[in-house]
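> Kindly generate the complete structure, drawing on both the sequences and the hints.
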Amino acid sequence: MFHLFSSLAFLVNAILTLLYWILIIRILLSWVNPDPYNPIVQAIYQITEPILTLFRRLPLRVGMVDLSPIIAFLVILTLQRFLVSILTDVAWRFQ
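If you're matching positions, the sequence shown starts at 0 in numbering that gives the first Met the number 0 and goes up one per residue.
It is worth saying that the hints were derived from the structure and are not from the lab.
Among the clues, some could well be false.
What follows is a set of in silico ranges between Cβ atoms, one per label pair, in the way DEER data are often shown [said to hold, decoys possible]:
| no. | residue 1 | residue 2 | range |
| --- | --- | --- | --- |
| 1 | I85 | Y36 | 22 to 30 angstroms |
| 2 | F81 | S6 | 17 to 25 angstroms |
| 3 | L57 | R80 | 38 to 46 angstroms |
| 4 | L73 | Y44 | 18 to 26 angstroms |
| 5 | P35 | I69 | 20 to 28 angstroms |
| 6 | G62 | I23 | 21 to 29 angstroms |
Note that the structure is a prediction, hence the values are computed from the model and not measured.
Don't be surprised by glycine CBs; every beta carbon is placed ideally from N, CA and C.
See the structure below:
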């Protein structure tokens with residue numbers, strides 16, 4: 000069981016870290032107005048749009064500034080910290 004939970008902690012950490020960096024790339028792309036037909040740009044938008052849509056439903060605008068990416072970062076980092084630590088603790092209990 001140790002290896003199962005340890006691997007699961009590693010996988011969750013890797014996925015959330017990847018999601019974090021894809022979200023950063025999405026924000027940087029919004030500053031440079033990329034080609035919307037580029038497959039890489041489309042993939043980044045398809046990955047991040049469902050996450051940002053969750054937070055855009057909340058009143059998170061300050062003037063023209065959309066705060067949903069900041070809230071998404073905080074949620075991703077919080078999930079990463081807690082889920083990985085819980086899975087690691089469970090893994091160590093089975094060792």
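> If you test the structure against every hint from before, which numbers come out violated?
1 and 3
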